[in-house]
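**Student:** Protein chains in written order, with the UniProt record's numbering: chain A, 1 to 335; chain B, 1 to 515.
It should be emphasised that the hints constitute simulated quantities derived from the structure, not laboratory data. Heads up, the beta-carbon is just placed ideally off N, CA and C, and yes, glycines get one too. Any given hint might turn out to be false.
Under 10 Å between C-beta atoms, here's a sample of chain B residues computed to sit facing chain A [unchecked claim]:
# : residue
1 : ILE232
2 : ARG239
3 : VAL270
4 : ASN274
5 : ARG277
6 : LYS381
7 : LYS399
8 : TRP416
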Amino acid sequence: MTLGKFIERLAQLVPVLLGVSLIVFLMMSLTPGDPVEIMLGDQHVTPEQEQALRHDLGLDRPPHERFLVFIGNALQGDFGTSFYHRRPVGEVIAERLPATIELTLVAMILALVTAIPLGVLAAVKKSTIFDKASTVGSLLGVSMPHFWFGILLLMLFAVHLHWLPVAGRIDYEYQVEPITHLLLVDSLLRGNIAAFGNALSHIILPALTLGLAMGAILMRVTRTSMLEVMRADYVRFAEAKGLARHRILFRHALKNALIPTVTVAALETGTLLGGNMIVETIFGWPGLGRLVVESIFQRNYPLVQAAVLFYAVTYVMLNFLADILYTILNPRVKL
Amino acid sequence: MRLRTTLLAAAVAATAGVTLGAPAPAGAQELRVGFSADALTLDPANHRNRETETIIRNMYDGVLTRTPDMQLAPQLAEGWSQTSPTTYEFTIRDGVTFHDGSALTAQDIKYTFDRLIQDGAMNGQTSPRKSLLGPLDRVEVKGDRTVVFTLSEPWPIFPAMLPFQEVVPDGFTGAGAEGGANVTSNGTGPFKLVEWRKGDAVIMERFEDYYGGSPDNPPVGKACVERAIFQIIPESASRVAALLAGDVQIINELPAHAMGQVENNPDTEVLTVNGTRTFFVALNNAQPPFDDPRVRKAANYALDKQLIIDRILNGTATPLNGVLSPDAFGHNPDLKEYGHDLEKAKALLAEAGHEDGLDVTMDVEGPFKDTAEAIASLLSKAGIRAKVQVAESAILKDKWRSDEAPEDGQMWLTSWGNGSLDPVGIFNPTLTTGGRGNSAHYSNPEVDALLEQAATEMDQEKRAALYRQAQEIVNEDAPWIFLWLPQDIYGVSKRLTNWQPSADSRINLHDACLK
C-alpha cells in the first residue's frame, strides 16, 4: 500500500518538476541582467570577444531552444555547467549540500528537543508564570532577526569569551575521512572524538541561531494543539478512568497533538534544506543558501535551475514523509 | 524527567564542544586570512574574478609581477626586451620547479599562453581571460630558455597585463581529479595547495623548493609561514569578529565604519592602500538635462566631495578630477578642480535655463545607498533635486551599459576598476564612443582619436602626453560628477609582520611572518 503510494508520489513529481523548471526558466530569462555582462565586469573587451563568451555559455541560442536543451539534458541527469565554477552544477551543489544537511539536522534537533517539552509544559501549566514566560520567550525567538541574533552570539561567545570559533565547519588540523559527509556523524563513526568536538564547536552557534527561531514556532504550535487535545473527550475519559497523569499526557494526548507540529517541522526542514543565506554568510558556513543567492545575483542560470529543482524534490519528499508520520501518530489517518 | 535528561545531554554536549573544540597548540606557523569570497575555480585560465585570482596568485607565479610601488618586475622571467613594436622576448629563469617537482621550461610558458589565447583550447571552450591579452597572436619557444610573444598589432600595455596570468605546466589539465583543472593546482608559487574545502577555506602549505621569487621583491627565498589559509567569511561584521577574536590575522574589505573597532583593539590595526577603482556619477550625456555641459559642470560644483569622504568614507578616499588614479600611467596632476561652489553651480544652472532647479533621479546599488543619499542631499542645495533609486547591480548594468542611452535615467553612482593601472583598462572602456563601460554615453571625437592613438603609441613619453591631453578635455566636458578613488582597507593582527596591502588588490603572503 505504502509502496504504491510512494510510486504515485514519485509520479506526481514529474509534472511538478516540469512546471517548476518552466517557471524558473521564464523568470530567469525575463529578469533583466546579462550573465555575460556581469561576468566580464570592468574589462576592456571587444564585441567579438563578448560574443565568443556568449557562445561558449550557450547564451547565443534563442530561449525556447535553451529550455528544450536544458530539459533534454536534465532527463539524462546533466544539469549543465555552472557559468562561474566551470564545472557541472550537480557537482557544485553536491559539495555544498552536506554542510546544509548537517546544519539543518542539528538545528532541527535543537528545536524539537526544546520546543516539544516546553510546549507540553506550557499547555499543562496553562496561565501560570511558566506559560507566560515561555510565550514571551517564543515571541522573542520568532521575532529576533537571524543576522542580529547571530552576530550577538558571535560577539559574546567568540570575541569576548573565546569559547567558540567565528566561522567555518572544522579546523584545518582535523581530517575526517568522509563516509556520510556529515562531519559530526563521520567523526563519531571514525572514532575521532577530537574532530567531533571541534566540528561541534563550529556548528553550535549557527545551529542555535536557526534552531531557536524554529523552536519558538514549534513550541507555540505544540502548546496550542496540546491544549486542544487536552479538552478532547478521550483524554477526559482517560482521566476519569484514573490513568496516571504522565501516561495520559505522553501516550494519549501528545501523540495526537504532535500532528500539527510534524507538519510545521516538515515544512521548516524543507526551507532549511534550501540553505539559509543569512546564517551561512554570518558564520562562513559552506552551505547551499549562499551559493544559490550568489548565483541568482550573477545570473548563473544553470545553477539556479538545478537548485530550484532540488528544492522542489525536497519539498515533495518531506511532505510525503510527514504524511507517513501522520499515519504512525494517528492510525486513523490513511494515506 | 525526560526533559531533564534531554537538557542534561545538551549541556554535556555543549561543554564537550567547548573543551574539545579548543584549537590544537600552535606548532606550525599558520597564517589565516579572513577573506570575503571563495575562489570560483583553481584553474588560472578559467575565470574572470578578482578574489579567485588573489587566492590563486599565492600558488602560482607569473612571467612578470609588480613591486610594492606597482612597478613591473620579472618573476618567472629573468628579463625581457621588446624586439619590434609587436614582438617581445622573455628569458626564463633557471632552477624553477613546479609543486610536482618538474622543472619550468620555455615550453610551459608557451603552453600556458596557448591555452589562454587559442579558441577552444580548454576542452572545446575558450578561456574567459583571452581578452586580457588583447592582440597577442602567438607564442614561440626559441631555445631552452627564450619565449617570443608576437602581437597582431602594437599594444603598449602588453607587459602590464602579464602579472594577471599565472603559469601552469605543459599539458596541465589536472586529469585524474574530479573536476579536472578547476579543483587541482600545480604552480611555481611560494605555497602549494593542501586542500580546497569549497565555500569554507583554501588551505596551502609552504613550498619548500620555491626558487625564491622576484629579486626585485626582497626578501628572496621560501615563504616565511609554514601554512597559509584563506578562510571564507563573506559577512564583514563576522570578518571583523574573527580578527578581534584572533581566529584570523588579516581581513580584507574592512568597512570604513568598523575601522574604529579594529583600531581600538590593542592587538589589531588598520592598514590602507590606494585602491584601483574609480568612483563617479555617470550623467546621461545623451538626454536632457545632462546633455548640456553647463548642467554637468553645475553638478560638479554643487558637490562637496571632501565632506562625504570625511563623513561617510572615514577619510579613506582620494578625490579625483578625472578618470585616472594618481598611481596610474599618464595621470595628469594638473587637472582643473571643480571646488565646492554653490553660487557658481546655481549660476550655471540658471544660464542653462533651470532657474528653478531641476528634478532628476540617481540610480545606485544597495551597498552605496548611503553615499548616494549624501550626494543627492548636497546636490539639492544647488537646486539639483535628485531622487535616489536603489536597484540590483545586474539590472543597472543592463540599463546603463547598453548601446542606447537609457531614456528614464539621468544619473548613476557607479565605479570602474582598473587593476592594470594603465589608462587602456579604464579610460577606453568608460569614455570612448560606444565603449563597453561608457554608461554616460559620452562622445567626443577628439577624445576618441587621442585614445586610439595612445593605445598603439610605443613611445611612452608621447603616450603619456596623449593621455594627459585627453584627461584635460574630459575634465572640461565633465561627462561625470568626478568623485574619488577609495582606499582598500585591511584589518591585521599586530602579530603580523612584513606584510603590506598592495595597490593591485593582491594579497601576497610570501613575505608575511607571524611573531
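**Student:** State for each hint whether it applies.
**Tutor:** Against the structure, the hints:
{"no.": "1", "hint": "ILE232", "verdict": "holds, 6 Å"}
{"no.": "2", "hint": "ARG239", "verdict": "holds, 8 Å"}
{"no.": "3", "hint": "VAL270", "verdict": "violated, 17 Å"}
{"no.": "4", "hint": "ASN274", "verdict": "violated, 17 Å"}
{"no.": "5", "hint": "ARG277", "verdict": "holds, 8 Å"}
{"no.": "6", "hint": "LYS381", "verdict": "violated, 32 Å"}
{"no.": "7", "hint": "LYS399", "verdict": "holds, 7 Å"}
{"no.": "8", "hint": "TRP416", "verdict": "holds, 5 Å"}
Against the hints set out earlier in the document, violations occur for numbers 3, 4, 6.
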